[in-house]
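Turn these sequences into a full structure, and let the hints guide you.
Heads up: the protein sequence lines correspond to chains A and B, in order.
Residues 1 to 317 in UniProt numbering are what the first sequence spells out, letter by letter.
Residues 1 to 317 in UniProt numbering are what the second sequence spells out, letter by letter.
Do not rely on the hints blindly, as some may be mistaken.
Pairs count within a copy or across copies, as identical chains cannot be separated in the list.
To be verified - Below 25 Å or equal to it, Euclidean Cα-Cα: the simulated SDA-like pairs (lysine to any residue) are:
id	residue 1	residue 2
1	Lys-5	Lys-97
2	Lys-147	Arg-233
3	Lys-130	Val-163
4	Lys-147	Glu-188
5	Lys-147	Asn-185
6	Lys-22	Lys-169
7	Lys-173	His-140
8	Lys-22	Gly-213
9	Lys-237	Asp-226
10	Lys-130	Leu-189
11	Lys-248	Glu-273
12	Lys-63	Lys-128
13	Lys-178	Asp-136
14	Lys-169	His-140
15	Lys-173	Arg-293
16	Lys-97	Thr-166
17	Lys-130	Leu-79
18	Lys-173	Ala-222
19	Lys-230	Gly-160
20	Lys-130	Leu-119
21	Lys-130	Asn-164
22	Lys-97	Val-10
23	Lys-98	His-140
24	Lys-128	Leu-167
25	Lys-221	Trp-104
26	Lys-198	Arg-75
To be clear, the hints were calculated from the coordinates, so they are not data collected in a lab.
Here the structure is a predicted model, which is why all the values come from computation and not from measurement.
Protein chains: 2
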Amino acid sequence: MATLKLPSTVPSPSEDCEQLRKAFAGWGTNEELIIKILAHRNGAQRKKIQETYSETYGEDLLKDLDSELSSDFQRAVLLWTLEPVERDAYLVNEATKKLTASNWVIMEVACTRSSHQLLCVRQAYHAKYKKSMEEDIAYHASGNSRKLLVPLVSAFRYEGDEVNMTLAKSEAKTLHQKICDKSYNDDELIRILTTRSKPQLNATFNHYNDLFGNTITKDLKADPEDEYLKLLRSTIKCLTVPEKYYEKVVRLAINKLGTDERALTRVVITRAEVDLQRIAEEYQRRNSVPLDRAIGVDTSGDYEKMLLALMGHGDAC
Amino acid sequence: MATLKLPSTVPSPSEDCEQLRKAFAGWGTNEELIIKILAHRNGAQRKKIQETYSETYGEDLLKDLDSELSSDFQRAVLLWTLEPVERDAYLVNEATKKLTASNWVIMEVACTRSSHQLLCVRQAYHAKYKKSMEEDIAYHASGNSRKLLVPLVSAFRYEGDEVNMTLAKSEAKTLHQKICDKSYNDDELIRILTTRSKPQLNATFNHYNDLFGNTITKDLKADPEDEYLKLLRSTIKCLTVPEKYYEKVVRLAINKLGTDERALTRVVITRAEVDLQRIAEEYQRRNSVPLDRAIGVDTSGDYEKMLLALMGHGDAC
Numbered sequence: 001m002a003t004l005k006l007p008s009t010v011p012s013p014s015e016d017c018e019q020l021r022k023a024f025a026g027w028g029t030n031e032e033l034i035i036k037i038l039a040h041r042n043g044a045q046r047k048k049i050q051e052t053y054s055e056t057y058g059e060d061l062l063k064d065l066d067s068e069l070s071s072d073f074q075r076a077v078l079l080w081t082l083e084p085v086e087r088d089a090y091l092v093n094e095a096t097k098k099l100t101a102s103n104w105v106i107m108e109v110a111c112t113r114s115s116h117q118l119l120c121v122r123q124a125y126h127a128k129y130k131k132s133m134e135e136d137i138a139y140h141a142s143g144n145s146r147k148l149l150v151p152l153v154s155a156f157r158y159e160g161d162e163v164n165m166t167l168a169k170s171e172a173k174t175l176h177q178k179i180c181d182k183s184y185n186d187d188e189l190i191r192i193l194t195t196r197s198k199p200q201l202n203a204t205f206n207h208y209n210d211l212f213g214n215t216i217t218k219d220l221k222a223d224p225e226d227e228y229l230k231l232l233r234s235t236i237k238c239l240t241v242p243e244k245y246y247e248k249v250v251r252l253a254i255n256k257l258g259t260d261e262r263a264l265t266r267v268v269i270t271r272a273e274v275d276l277q278r279i280a281e282e283y284q285r286r287n288s289v290p291l292d293r294a295i296g297v298d299t300s301g302d303y304e305k306m307l308l309a310l311m312g313h314g315d316a317c
Numbered sequence: 001m002a003t004l005k006l007p008s009t010v011p012s013p014s015e016d017c018e019q020l021r022k023a024f025a026g027w028g029t030n031e032e033l034i035i036k037i038l039a040h041r042n043g044a045q046r047k048k049i050q051e052t053y054s055e056t057y058g059e060d061l062l063k064d065l066d067s068e069l070s071s072d073f074q075r076a077v078l079l080w081t082l083e084p085v086e087r088d089a090y091l092v093n094e095a096t097k098k099l100t101a102s103n104w105v106i107m108e109v110a111c112t113r114s115s116h117q118l119l120c121v122r123q124a125y126h127a128k129y130k131k132s133m134e135e136d137i138a139y140h141a142s143g144n145s146r147k148l149l150v151p152l153v154s155a156f157r158y159e160g161d162e163v164n165m166t167l168a169k170s171e172a173k174t175l176h177q178k179i180c181d182k183s184y185n186d187d188e189l190i191r192i193l194t195t196r197s198k199p200q201l202n203a204t205f206n207h208y209n210d211l212f213g214n215t216i217t218k219d220l221k222a223d224p225e226d227e228y229l230k231l232l233r234s235t236i237k238c239l240t241v242p243e244k245y246y247e248k249v250v251r252l253a254i255n256k257l258g259t260d261e262r263a264l265t266r267v268v269i270t271r272a273e274v275d276l277q278r279i280a281e282e283y284q285r286r287n288s289v290p291l292d293r294a295i296g297v298d299t300s301g302d303y304e305k306m307l308l309a310l311m312g313h314g315d316a317c
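Here it is as structure tokens:
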């Protein structure tokens, strides 16, 4: 389900570092070489490259990339090079800052990562920002979105397959009642969404559909423009059908007047090693255009090459 | 600060198992031998004994202890033998059951363990109960206490010493304002208590005292009998001066008409390897009686011997 393509024989970290060093040397930067290497190494390999680079040259690979590259391409390469949990910590921290605030990014990280990964992100956040993730989110968010986001990021959901059908049925009724009453920020509704395991929630939403004839997300569309309701619907999608959620993020990013590069980059970078293949399938089904072609039309230069490389295009070296 | 006393030479786990097996053999049980062994082994050693026992005899030490012992002594030995994180998971689970419900136990575990320990308790809870801890707490608690307890157990507080004094001052003012308004369940008040690091909270409460002339716990005594306010005050004590909180739990347990053995057992068992020495000092200072003497007056038999052994009395073997 990942799209990342590794070379048949992966060079040693020191060989990779030497090549990267060459790509940085002299006037101008060899962006293509950087893509050929970094966009074809997995998380563990990139980590090893970073360590070797620092041991060999006494310098920080991320800092060197930062000074050699620019704009969207720079952001994509930097985010990609970071370890996944550090990257998530970085994205969430950015999402709590005024100018780059985004409840979506916070919700995404909270709902699409495994319980264990989310814990590791929270640990990485401590190490990097000397604060807790929920502390920053609770401080910067407010109102209904805070009421939803703080328990979402603090959850450590059970990950087994066991499902309690009686509970699923009764909680489906609770959810329906709250939605009928338009109590979208009700404590019970938020408790269910933020604490139950993903398989349990799936069963609950299925019962909801069976009992009341509509999907829960449909019933949550009372006011399509309400930002909190949008966040609630997306939370449910992320918890149950993340590939559909991501398809929509990419679709909106591409269809915008002027592409939303931040969103596009985020999806490609964070999902290339996870489920970008499934997201691309969803995209093609929904838009009748292959995702790589759509990206090719909407982006250009090294940035385009980087994204397409992560989608499995081009040669690895 | 722990009171646990280990023998100068600790026997091997197989020797310990052999002795325990002897204590169980024939008519009657040798309770004293059980105490001499188990009450003088630390967490890692008890774990090894459990493993060796199961490997050697194909039986579960906890089950055998359960069938050999009875009443308060049984509960003390079983709780003690469990690994600390499993014990905490057990105590919290018990605290979410109707007949043994206790918001205090949940709050205690959430506020007096380190962030890392609390995570491990949540993992142990998954393994044992096939659910998440916050899921059970959110389901069983309600109202204001739920609003406080769920974020308390879900928190992963930063544990560094860095303190932001400007923030401490502004949040002290926020807390004071909410308390003046009697908004004890206010979102901001709960956000501060449930997300900030312990050193940061300590600074905030100090500013509170400096700025407004009263400690925050004093100002939270508006209605001394209100259960939620009591829980709020205890939360603050657990986060900043846990030994004082525990001293009071023990004092109330002992001074009750008929000792509260569950509370007494819980404090001695969960703190013997942590800070029972400090708690005993607090107890003596507050009551002018040494804690071990008070326990001796209020309890008897093997139960008394077990508690006193954990306080450092008696011979280890």
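Please work out whether the CA atoms of Lys-147 and Arg-233 approach to 25 Å or closer within one copy, between two copies, in both situations, or in neither?
So Lys-147 and Arg-233 pass the 25 Å test inside a copy (15 Å) and across (23 Å) alike.
Under a CA distance limit of 25 Å, which applies to Lys-97 and Val-10: within one copy, between copies, both, or neither?
Result: close neither inside a copy nor across copies, 39 Å intra and 55 Å inter.
Is it within, between, both, or neither for Lys-5 and Lys-97, if the alpha carbons may be no more than 25 Å apart?
So Lys-5 and Lys-97 fail the 25 Å test inside a copy (34 Å) and across (51 Å) alike.
Homomeric proximity label, Lys-63 with Lys-128: Cα distance no greater than 25 Å:
Classified as within: same-chain Cα gap 16 Å, cross-chain 45 Å, threshold 25 Å.
Same-copy or cross-copy closeness of Lys-98 to His-140 [CA-CA at most 25 Å]
Answer is within: at 8 Å inside a copy they meet the 25 Å cutoff, but 37 Å across does not.
Tell me, please, which holds for Lys-147 and Glu-188 at an alpha-carbon limit of 25 Å: within, between, both or neither?
both (12 Å within a copy, 11 Å between copies)
Between Lys-130 and Leu-79, at a C-alpha cutoff of 25 Å, which is it: within one copy, between copies, both, or neither?
Classified as within: same-chain Cα gap 21 Å, cross-chain 35 Å, threshold 25 Å.
Intra- versus inter-copy proximity for His-140 and Lys-169 (alpha-carbon distance at most 25 Å):
between (36 Å within a copy, 18 Å between copies)
First find the shortest C-alpha distance between Lys-97 and Thr-166 inside one copy, then the shortest across copies, and answer within, between, both or neither for a cut-off of 25 Å.
So Lys-97 and Thr-166 pass the 25 Å test across copies only (18 Å; inside, 42 Å).
Please sort Lys-22 with Lys-169 into within, between, both or neither, judging by C-alpha distance up to 25 Å.
Classified as neither; 62 Å inside a copy, 52 Å across copies.
Quick one: Lys-130 to Leu-119, C-alpha cut-off 25 Å, is that within a copy, between copies, both, or neither?
Both, since 16 Å and 18 Å are each at most 25 Å.
Could you figure out if Lys-147 and Asn-185 sit no more than 25 Å apart (CA to CA) within one copy, between two copies, both or neither?
So Lys-147 and Asn-185 pass the 25 Å test inside a copy (8 Å) and across (14 Å) alike.
Hint violations for this structure: numbers 1, 6, 8, 15, 19, 22 and 26, all remaining hints satisfied.
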